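S.K.: Single-letter residue listing:
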Amino acid sequence: NAGVTQTPKFQVLKTGQSMTLQCAQDMNHEYMSWYRQDPGMGLRLIHYSVGAGITDQGEVPNGYNVSRSTTEDFPLRLLSAAPSQTSVYFCASSYGPSGYTFGSGTRLTVV
Amino acid sequence: GNSVTQMEGPVTLSEEAFLTINCTYTATGYPSLFWYVQYPGEGLQLLLKATKADDKGSNKGFEATYRKETTSFHLEKGSVQVSDSAVYFCAFETDSWGKLQFGAGTQVVVTP
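Those protein sequence lines, which keep their order, are chains Y and C.
If you use the working numbering, the first sequence closes out at 226, no skipped numbers anywhere.
If you use the working numbering, the second sequence closes out at 147, no skipped numbers anywhere.
Honestly, the hints are just simulated from the structure, not real lab data.
Quick caveat: nothing in here was measured; it's all calculated off a predicted structure.
Every residue gets a Cβ at the ideal spot worked out from N, C-alpha and C, and that includes glycine.
Incorrect hints may have been included.
[Said to hold, decoys possible] The following label-pair restraints were derived from C-beta to C-beta distances: (1) T63(C) with T120(Y): 31 to 37 Å; (2) S133(Y) with G64(C): 36 to 42 Å; (3) G36(C) with S199(Y): 37 to 43 Å; (4) D188(Y) with E77(C): 19 to 25 Å.
[Said to hold, decoys possible] Covered, in the sense of this in silico footprint (three residues per stretch, anywhere, with C-beta under 8 Å from a C-beta of chain C), are these stretches of chain Y: (5) 143–155; (6) 163–169; (7) 196–209.
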């Protein structure tokens, strides 16, 4: 019963480096999404996907790329990390209006 | 545009006190409404949900009623425990599935 698995749990990057945050779900959910959590701001949607091959931008997409080649995986790419991207990142999956399952998060620090 | 407003924290209570966290939303149509809870160092867990007007969601002693006329979804618990200390997020599903709009979160601290 893995649910939504995010890796890594912690990461420190230098400004300008790139990296990929991994997200995988084993529930055959159609919908997957990425959020970032910052103090006092709740969670804000970065990108989301309604199925394999289909992605769209959320509220704060700049500096991030996504792709959805399979139903299970939805990686988030940081192209050139900036200190403003220091945050906790959560991946979620859902099927219809039944509620969302969240991963345990990735805490990213950009120095 | 879409938004969720919830009361600011931290809310500090004694054990067995009554808890209310206010949440109001601005959205088109009739979205599904959720409360999520985040315990220290963990991810978000669904606490309860309501999908249509006048629905009451409940779980673990928490309740919230979908009030269309006031666009509200206030969270309540009659007697809190120390283990209820967490951050609580109000959220709704926007105009299409797959996207959630969150409030800023309310930290609740329950003391023995």
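S.K.: Evaluate each hint against the coordinates.
M.R.: Each hint, compared with the structure:
no., hint, verdict
1, T63(C) with T120(Y): 31 to 37 Å, "holds, 34 Å"
2, S133(Y) with G64(C): 36 to 42 Å, "holds, 39 Å"
3, G36(C) with S199(Y): 37 to 43 Å, "violated, 22 Å"
4, D188(Y) with E77(C): 19 to 25 Å, "holds, 23 Å"
5, 143–155, "holds (count 6)"
6, 163–169, "holds (count 3)"
7, 196–209, "holds (count 3)"
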